[in-house]
Amino acid sequence: MSVGTETETPTLGYARAINQALAEEMRREERVWMLGQDVGKMGGVFGVTRGLYDEFGAGRVRDTSLNETFIVGAAVGAAMAGTIPVAELQFADFMMIAGDEVFHKMAKWRYMHGGKLSVPMVLRLPTGVLGGVGAEHSQSLEALGMHFPGLKVVLPATPADAKGLLKTAIRDSNPVLFFEHKGMYRVKGPVPTDPEFLVPFGEAAVRRGGQHLTVVATGLMVPRALEAAAALAADGIELEVIDPRTLVPLDMETIVASVERTGRALVVQEAVRTAGAGAEIAARIQEAAFFALDAPVWRLGALDTPVPQSPVLEQLVIPSTDQITAAARELVKL
Amino acid sequence: MSVGTETETPTLGYARAINQALAEEMRREERVWMLGQDVGKMGGVFGVTRGLYDEFGAGRVRDTSLNETFIVGAAVGAAMAGTIPVAELQFADFMMIAGDEVFHKMAKWRYMHGGKLSVPMVLRLPTGVLGGVGAEHSQSLEALGMHFPGLKVVLPATPADAKGLLKTAIRDSNPVLFFEHKGMYRVKGPVPTDPEFLVPFGEAAVRRGGQHLTVVATGLMVPRALEAAAALAADGIELEVIDPRTLVPLDMETIVASVERTGRALVVQEAVRTAGAGAEIAARIQEAAFFALDAPVWRLGALDTPVPQSPVLEQLVIPSTDQITAAARELVKL
Amino acid sequence: MSTRTKRGPDAGGEIGDSELLDLYRNVSRIRALELLLNRYIEEHGFGGFWHPGLGQEGIQAGAVSALRSDDYLFYAHRGLGYALAKGMSPVTLLADLFGRTPGSVGGKGGGTVHFVDPEIGVMGQGGTVGSSFVLGAGVGISAQMLGTDKVVAIFFGDGSSARGTFHEAALTASVWKLPLVWICENNGWAISVPIAEQSPTENIADRAAAYGVPGVIVDGQDTLAVRAATEEAVARARAGEGPTLIEAKTLRVRGHFEGDKQAYREDLVDGLDVPRDPLKILRERVPAETADRIDEEARAEADAALEEVLAMPTGGEDVVTQGVWV
Amino acid sequence: MSTRTKRGPDAGGEIGDSELLDLYRNVSRIRALELLLNRYIEEHGFGGFWHPGLGQEGIQAGAVSALRSDDYLFYAHRGLGYALAKGMSPVTLLADLFGRTPGSVGGKGGGTVHFVDPEIGVMGQGGTVGSSFVLGAGVGISAQMLGTDKVVAIFFGDGSSARGTFHEAALTASVWKLPLVWICENNGWAISVPIAEQSPTENIADRAAAYGVPGVIVDGQDTLAVRAATEEAVARARAGEGPTLIEAKTLRVRGHFEGDKQAYREDLVDGLDVPRDPLKILRERVPAETADRIDEEARAEADAALEEVLAMPTGGEDVVTQGVWV
Ligand SMILES: Cc1ncc(C[n+]2csc(CCOP(=O)(O)OP(=O)(O)O)c2C)c(N)n1
Ligand SMILES: Cc1ncc(C[n+]2csc(CCOP(=O)(O)OP(=O)(O)O)c2C)c(N)n1
Ligand SMILES: [Mg+2]
Ligand SMILES: [Mg+2]
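Chains as they are written, first to last, in my numbering: chain C, 195 to 528; chain Z, 195 to 528; chain L, 6 to 331; chain Y, 6 to 331.
I should point out that these hints are in silico values taken from the structure, not numbers from a laboratory. Computed from a prediction, not measured in an experiment: that's the story for all the values here. Among these hints, one or two may not hold up.
Unchecked claim - Here are some, though not all, of the chain Z residues that point toward chain C, as calculated from beta-carbon distances under 10 Å:
| no. | residue |
| --- | --- |
| 1 | T205 |
| 2 | F297 |
| 3 | A337 |
| 4 | G344 |
| 5 | A471 |
| 6 | A482 |
| 7 | P502 |
Unchecked claim - Below, in silico cross-link-like pairs of lysine-lysine (DSSO-like), each with a Cα-Cα straight-line distance of 27 Å or less:
| no. | chain 1 | residue 1 | chain 2 | residue 2 |
| --- | --- | --- | --- | --- |
| 8 | Z | K235 | Y | K182 |
| 9 | Z | K235 | L | K266 |
| 10 | C | K382 | Y | K266 |
| 11 | C | K235 | Y | K182 |
| 12 | L | K182 | C | K235 |
| 13 | C | K235 | C | K382 |
Stated by the list, open to error - Some chain L residues well away from chain Y (every beta-carbon gap over 12 Å; in silico):
| no. | residue |
| --- | --- |
| 14 | E47 |
| 15 | R73 |
| 16 | T153 |
| 17 | D154 |
| 18 | K155 |
| 19 | R168 |
| 20 | L176 |
| 21 | E202 |
| 22 | D211 |
| 23 | G217 |
| 24 | A244 |
| 25 | I286 |
| 26 | V324 |
In this text, a Cβ means the ideal position worked out from N, Cα and C, and glycines have one as well.
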């Protein structure tokens, strides 16, 4: 990026990319608005919504009280009645406080009413480990979104995807859970400025090509998988790294086509391994590509423990680059 | 069972077996008590707790207001402070209303406090389809319990297990989610009267032996799988039907040993198929027994829709005996 | 803000003759459906839950009569009265109750019966009672943001008032002056739990002060009094002055659901007798012959509707997966 | 039940000389930790969240001084004062704050720092504020059922009072007369949202009437007044008369977390200046030399504790999976 001139894809942080998506969509469509704790004057506890209150005012950027059932429930109600709310919970974990609103009302209201109402809204969910924020502020809960039909589930792993997927989410007529990784807010990357830049749902991104092993990774695990791939390339082991980007809808075609070539698959997630999204992906891979597989589908995920608060312990719980490297190295030999 | 004389294993309904477990454990241990909506004078909306209020009084069988966060949260608090609460939510779905209490406080309080506190409690959760009670009263949400470490997850499929597992749950020092199938409350079966009859956690039950296909089924799917097995036996296809009984801990040994003999596995759950417990079980089977498998592990589960209210539509959503039969027949030929 | 009490038949505001007849007609129509369903279920049983609203018809019809047809409605689980009064047809409502495809939700909504008609603001129902507090507040936000002066009426029971969603919604709704009217049908019971065990205060409306909104107590058997109280609250909401909490005192005539043995209950009401019957109280304002004719029409309408509905199809695999996503 | 206000230094009840010194010592010890952490974080940064309680020490020490050592405590996220006053050592508390293995939770609790000491009733903390309302009520049930006369003190902020858990717990706690004391530290802010945007009523204590419990407003800068109000509430709870809602008026001196720029705030407090400083107000009751000596000891204790803690290990793979299940 040349300094001083605006190129098509300047470098931007993941958080700023989200901010840009919000600003662009609010400019484009008056009915889009935001609510959440401290999203207004403060610009969000992570600074993601900075400047939006000044541009759009208190009516469209609403600070709420400490009331998660209201934040999500009111968004659902507002969405049914003609506006397009983008609600923020300060931590994805807080979905569990508004579980009835997220997993029942937001997900099912349309179906329960025979398709006569729709719920066009986005719930922004800062997810994952951040370094020291503990068991109820660090979880990766995207699997839940897959188990309650009616939701779409998005998990961007790059600044460009953060922007393009959020814009698509806001334009989608369905309710969308948007898991933005708070540990990646400062990760920088190229981000298109075209206001019509949209990343479609249900199209996985092949982050790196390779013939020995298909690695399916999401969120923070994408850069770690790419690091592992770089390390293994030195030994002649070529990983194909696929980032599904959306879990609902899930692009199994791309994944299965890859596994049919490589004959092996490793699924990596930051979430607790047991009953996570990776279990679903692994189960589907072997359903669809069993006879092409040379080895079992392996999974890496967080240990079966809550996330401990200590930033040191926390990293022992989620998969590290080294663990991905080691698992991949072992799996290609099986 | 001979009429008039008490045998060791008289025939009892699933709901009465639960009632008996509650009564026995409350007699055995004074610190055991109950709370929930209408569990007292009314004896529960499904009649499961009938008679307990009369025997143990209002202090130990407490009717609450319409406050799910209180029901679960107060149970967690009480458990930390020296009593053993058995809380009831009227429908398992209502866990989502008390999501922070169930999946954070109940599950993680011990770990978050360095193991210095414990939460010996049981949360009783009437689960599954009942016939016409709709999207927010019919779900099978046991997979969530697996994804939040710290909980134990129990799913009895027979009256004897309902009793024996509940007694074990009450005596366990960990928090337990006890999913009792409300569609099976009237199912009858032999139930031991020995007050020390306990069914251990983490030991699957092999409901029927067979050499062609391992079927892993839970809850209402156990009798359906057994029906399917009976139908297929006529054609010389022998299913081995395994009921894990507890999902946390999960007895993979029994399942894997079976699959290593049969070479094939079908996992059946009433829950939404995507990201359910069956995904975890299928993923683990192929991890552990890949080289013994002759075919992919298949899964049956509910369609990716909320449960519709109509009793007719509802049965179209969850796996039927015929679907299990058909899938098993196809899978053994693969 | 202090709690006011309005009681007795004379508390009702002005009402024109034709409006009075409309109101009587709706109370009578709801009653006819209640009695019909009672009879049907006694004879045939029922899959699912039916929560009879017998005796609470006056609240439902009275309050809804104070709404404009484009105002929003979140009804409670006790009967079909709310939506009938708002303008949905008994055929649609019964079709929904019986899970038939031509109903407004096509057999998909429920637990307790759901129905929906966005055209006239009927916004549906959740299976978890009290979930409408936050949803309704959100509808109010949209109504405001879109520059309409529509009002959102939210019905709920005394039991449901204990939900945390009430607290979370009420605090912000009051600060934001959302156009809401909360109508609590206090029938003294949450299933088997009497009000004294649920509430530390005598009245639910006593909680209004905590939220800085007016609390109004009204005799729920007096349809005109309910209407008048709601009119005032609606006017306040429409004027941008924020929510009002109305508590209509009534009693649960039948069991929580049809079939409930009510062994927990000492003040059992006898059969279908309605103490201080709202229909009879309102009838005093209507010429007897007119009332008789309306009652007769209401019964005929209900009977015909049920007959029509029982002949309707329940869907199959073609409909079951529709409507999950747009 | 009406809301009463207690203000000013003379509102305090009787207090013996040695109790007064103990109280002063605790306010001073908390203050020393606050200032120490402020300095440390300025110099070294910090992983995790530190929510400074500077200026709120008097509420924390004053209220806790009204508890028995076997009474239960649910502290809030603003500082270490509550648990220090209850009897936990600054070494343990700082070890927990810095995620060290010898801390009471061994590096596992947090978000905001957690600590626990069941022996003296310190029952831990959730990462979701306001979750203690329902948990604390449950502890109160056990206390009652086990025949003890223990009381449960639950601290929370003005912001946290909006949680639905408060409503759900308060209704039943009042009906069941649970032995609870709710202590709201109203510092005027929930992160960036001022109290006027969170609450439709001027005072949080105004909500007490909705729950049929006494509401008491007290000057939170006046440690003795807080103590006196808490003593009364504790006596009431211990006597089986149920909960009391105490609102201590204070202000947030620093940012929500250390590092918060507070660009949203107009009434910024300058640096570490504490308006109406509770330490100074309480100091007036203590001989100056004694106070100086206590302050000096408090600083020394804090410094030594931090030094000790920074040399402590953070655990590794051996501890990380322990304590999930029993
Ligand atoms: C959140 C939730 N908890 C419990 C239930 C089960 N339930 C349905 S109605 C009801 C009682 C409601 O009482 P009230 O609000 O007074 O209404 P009423 O039935 O008396 O009309 C209960 C507990 C539910 N549907 N949702
Ligand atoms: C349920 C929940 N929502 C949001 C948060 C994030 N959060 C932490 S503290 C806080 C503000 C609390 O305000 P208040 O209760 O007044 O306490 P104060 O910080 O002023 O001491 C918020 C929003 C949280 N931890 N838990
Ligand atoms: Mg009621
Ligand atoms: Mg505050």
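Against chain Y, does L:R168 keep a CB gap of more than 12 Å to every residue? L:R168 is in fact no farther than 12 Å from some Cβ atom of chain Y, at 7 Å.
In terms of Cβ atoms, is chain Y entirely out of 12 Å range of L:E47? L:E47 is indeed farther than 12 Å from all Cβ atoms of chain Y, at 36 Å.
If we take the beta carbon of L:K155, is the closest beta carbon in chain Y still more than 12 Å away? 22 Å, holds
Least C-beta distance from L:R73 to chain Y larger than 12 Å: L:R73 is indeed farther than 12 Å from all Cβ atoms of chain Y, at 26 Å.
Determine whether the non-interface label on L:D154 survives the test: each CB of chain Y must be over 12 Å from its CB. 22 Å, holds
Restraint outcome when Z:A337 is required to lie within 10 Å of chain C by C-beta distance: Nearest chain C Cβ about 5 Å off; hint holds.
With d taken as the least Cβ-Cβ distance between L:D211 and chain Y, does d exceed 12 Å? 6 Å, violated
No chain Y beta carbon within 12 Å of L:E202's: Violated: least Cβ distance 6 Å, not greater than 12 Å.
Grab the minimum C-beta distance from Z:T205 to chain C and call the hint holds if it beats 10 Å, violated otherwise. 35 Å, violated
12 Å cut-off, C-beta based - L:G217 kept clear of every residue in chain Y: The assertion about L:G217 is violated, with a minimum of 3 Å to chain Y.
Holds or violated: are the alpha carbons of Z:K235 and L:K266 at most 27 Å from each other? 12 Å, holds
C:K235 and Y:K182: Cα distance at most 27 Å? Outside the cut-off at roughly 41 Å; violated.
Against the hints set out earlier in the document, violations occur for numbers 1, 11, 19, 20, 21, 22 and 23.
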